[in-house]
Amino acid sequence: MYHKILLPVDLNEESSWIKALPTAIKLCQTFDASLHVVTVLPEFKMPMVGAYFPKDFSEKAHEAVKEAQHAFIQKHVPETITTQSVIVDGSPWEAIIKVGKQLDVDLIVMASHNKRKFVDYVLGPNAEHVVHHSKMSVMIVR
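Letter 113 of the sequence shown, counting from 1, is numbered 113 in the UniProt record's numbering, and no numbers are missing.
Since the hints were derived computationally from the structure, they do not count as laboratory data. On a predicted model such as this, the values are computed, not experimentally measured, just so you know. Where a beta carbon is used, it is the ideal one built from N, C-alpha and C, also for glycine.
What follows is a list of derived Cβ distance ranges for each label pair: (1) GLU59 / LYS26: 31 to 39 Å; (2) GLU14 / GLU79: 21 to 29 Å; (3) SER91 / LYS66: 15 to 23 Å; (4) ALA64 / LYS135: 26 to 34 Å; (5) THR30 / MET136: 13 to 21 Å; (6) ASP104 / GLU43: 22 to 30 Å; (7) THR30 / LYS60: 33 to 41 Å; (8) PRO42 / GLU14: 15 to 23 Å; (9) THR80 / ARG142: 20 to 28 Å; (10) GLU67 / PRO42: 16 to 24 Å; (11) PRO78 / MET136: 20 to 28 Å.
The list that follows gives simulated cross-link-like pairs (lysine-lysine, DSS-like), each with its CA atoms no further than 27 Å apart: (12) LYS98 / LYS135; (13) LYS26 / LYS98; (14) LYS66 / LYS55; (15) LYS66 / LYS26; (16) LYS4 / LYS26; (17) LYS19 / LYS101; (18) LYS101 / LYS4; (19) LYS60 / LYS75; (20) LYS75 / LYS26; (21) LYS101 / LYS135; (22) LYS98 / LYS60; (23) LYS66 / LYS19; (24) LYS135 / LYS4; (25) LYS19 / LYS4; (26) LYS66 / LYS101; (27) LYS4 / LYS98; (28) LYS19 / LYS135; (29) LYS19 / LYS75; (30) LYS26 / LYS101; (31) LYS135 / LYS26; (32) LYS66 / LYS4; (33) LYS98 / LYS66; (34) LYS75 / LYS4; (35) LYS19 / LYS98.
Based on the sequences and whatever the hints tell you, model everything.
Right under this line is the structure:
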């Protein structure tokens with residue numbers, strides 16, 4: 001049923017993956033699907049934002065996140081699952097949908113909230129936007 005599953009992960013926020021990851025892993029194992037772990041970084045290259053950071057900040061940030069994401073995958077994803085690390089810039093929900101389209105994923109599995117604010121307990125703003133704007137299936141894990 002599923003061939004490619006996308007899992008958005010905020011490496012600094014365990015609640016973004018602690019419940020969604022086991023679900024994604026189980027689905028990958030059940031359907032022999034590949035797992036595509038995506039982390040979204042803020043857009044540092046925008047002129048308004050970029051002026052406040054050193055010129056090579058974006059490249060260094062990408063490299064640090066790449067290393068952290070590989071360590072995350074190695075620690076939490078079984079070796080039997082084909083896994084791809086994806087790091088993109090931009091608005092989280094827009095980037096998640098864009099990556100999903102580019103990779104032609106069958107399913108996006110994501111957490112419902114990140115426990116930062118009371119309003120996020122119902123359905124986090126990024127998850128809500130992904131659900132409403134995505135053309136592919138989305139599974140929200142609570």
